[in-house]
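> The chain contents come next:
There are 2 protein chains.
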Amino acid sequence: MQQISLYDALYSQWAVRHFSDRPVSDEAVQTILDAAIRAPNGGNRQLWRFLVIRNAETKRRLGQWYSDSWTHMIDNMTPEERATQPYRSGGDLGNGMAKVPVLMLVCVEHPNGPPATAHISRGASIYPAVQNLMLAAEALGLGTVITTLHTRFEKEIKEYLGMPANSETAALIPLGYPAEDVRRVRTRRFPVADVTFYDRWGHKKAS
Amino acid sequence: MQQISLYDALYSQWAVRHFSDRPVSDEAVQTILDAAIRAPNGGNRQLWRFLVIRNAETKRRLGQWYSDSWTHMIDNMTPEERATQPYRSGGDLGNGMAKVPVLMLVCVEHPNGPPATAHISRGASIYPAVQNLMLAAEALGLGTVITTLHTRFEKEIKEYLGMPANSETAALIPLGYPAEDVRRVRTRRFPVADVTFYDRWGHKKAS
Numbered sequence: 120m121q122q123i124s125l126y127d128a129l130y131s132q133w134a135v136r137h138f139s140d141r142p143v144s145d146e147a148v149q150t151i152l153d154a155a156i157r158a159p160n161g162g163n164r165q166l167w168r169f170l171v172i173r174n175a176e177t178k179r180r181l182g183q184w185y186s187d188s189w190t191h192m193i194d195n196m197t198p199e200e201r202a203t204q205p206y207r208s209g210g211d212l213g214n215g216m217a218k219v220p221v222l223m224l225v226c227v228e229h230p231n232g233p234p235a236t237a238h239i240s241r242g243a244s245i246y247p248a249v250q251n252l253m254l255a256a257e258a259l260g261l262g263t264v265i266t267t268l269h270t271r272f273e274k275e276i277k278e279y280l281g282m283p284a285n286s287e288t289a290a291l292i293p294l295g296y297p298a299e300d301v302r303r304v305r306t307r308r309f310p311v312a313d314v315t316f317y318d319r320w321g322h323k324k325a326s
Numbered sequence: 120m121q122q123i124s125l126y127d128a129l130y131s132q133w134a135v136r137h138f139s140d141r142p143v144s145d146e147a148v149q150t151i152l153d154a155a156i157r158a159p160n161g162g163n164r165q166l167w168r169f170l171v172i173r174n175a176e177t178k179r180r181l182g183q184w185y186s187d188s189w190t191h192m193i194d195n196m197t198p199e200e201r202a203t204q205p206y207r208s209g210g211d212l213g214n215g216m217a218k219v220p221v222l223m224l225v226c227v228e229h230p231n232g233p234p235a236t237a238h239i240s241r242g243a244s245i246y247p248a249v250q251n252l253m254l255a256a257e258a259l260g261l262g263t264v265i266t267t268l269h270t271r272f273e274k275e276i277k278e279y280l281g282m283p284a285n286s287e288t289a290a291l292i293p294l295g296y297p298a299e300d301v302r303r304v305r306t307r308r309f310p311v312a313d314v315t316f317y318d319r320w321g322h323k324k325a326s
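First to last, the sequence lines map onto chains A and B. Heads up: the first sequence begins at 120 in my numbering, then just goes up one per residue. Heads up: the second sequence begins at 120 in my numbering, then just goes up one per residue.
Be careful, since some hints might not be right.
Since the list gives no way to pick out one identical chain from another, each pair is judged satisfied if it fits inside one copy or across any two copies.
[Said to hold, decoys possible] Here are the simulated SDA-like cross-link-like pairs (lysine to any residue), alpha carbons at most 25 Å apart as the crow flies:
| no. | residue 1 | residue 2 |
| --- | --- | --- |
| 1 | LYS277 | SER131 |
| 2 | LYS323 | ARG173 |
| 3 | LYS323 | SER286 |
| 4 | LYS274 | ARG302 |
| 5 | LYS323 | ILE123 |
| 6 | LYS274 | ASP145 |
| 7 | LYS277 | PRO234 |
| 8 | LYS323 | ILE193 |
| 9 | LYS277 | MET192 |
| 10 | LYS324 | PHE309 |
| 11 | LYS274 | GLU299 |
| 12 | LYS277 | GLU199 |
| 13 | LYS277 | PRO297 |
| 14 | LYS324 | GLU146 |
| 15 | LYS277 | THR236 |
| 16 | LYS324 | SER188 |
Hints are computed from structural coordinates only; laboratory data are not their basis.
Isolated chain A (complex conformation):
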């Protein structure tokens, strides 16, 4: 991994949806996964499972499911949402998925069956690892984007990939070198002051 600083890694992360056909080495994949598994996770149970997909037909099928989900989402948006949200490259991503060098399907396997809770905190033990994965990729000059649209076809995908009933998918992450002709868009964020409260919801000043 290059000696990129943490600060640079966090502030220069961007969503890559167009990739060059430059191959991604197995060594790079191993480096990235080794960083992913350092992430915090509940009880250190390490329920993460990583499916590294290079098979062209499998990538094509996943791309088709992604595209179908993307179309469904766009169809259900208002024109304003369509214009303001950064979804414009989503269609390209689905269509191009077969040619992305690697698809990383990040999964969770529950030894005692699926959890009973529907709380958002179900994701607390997998998405820190997903973020590590993407940051480590960035340090190697590789691009990624976290996607979850495929989960609309969770059942079909699990069957297609031979996933057991006690597993689930958490994120589908294309991995490759960014296409050379894609303009890097700087991350735009509301400032911290807009999303931070102090001691109690709605209080905008530190007490």
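Since the structure of chain A is already known, use the hints to place chain B on it.
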């Protein structure tokens, strides 16, 4: 933020549950939150909300809820689980929460009401920010640990903190300088080979 490398940050992250009483500056909190909001999130909607809690009574109440949840969890574990899982410091954390300099309650606010899905991917747009937050804290020499046990009392906590119905809590993260007398435990992980499949679930070799 210190010039810690990404690699060092990812590989030296550890769970801190015992803190010194050295104060944490507002500047440090701002630096950490500014790094958190760089994280990827669906449609760049930035539904994250951060509650920065310094009020001693509020911290004490949250610590009580945490302790109650911790006790409930331990009571429901087998002796083997209790011995092998790294929960031993959880009781100390709950008891000491009032004296942790800052509690960060990371929340999500859904403009159109709570989401319909119970899928794990609900967490995809908040836990990358949580991980950024913890990595940025580490770069400042601060310790954190991601906890979700408080969610057992989600309803009570939301009411206590004045949180609206369309919001939810995702993680409660104590923030402070690590206690000096706590031995740092090196992260133990199963190797990548144990948790990685190729092209299809169960395939252990790249094709």
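> Any hints from earlier that this structure breaks? Give me their numbers in increasing order, please.
Going through the list in order, the structure violates hints 1, 4, 5, 6, 8, 11, 12, 13 and 16 and respects the others.
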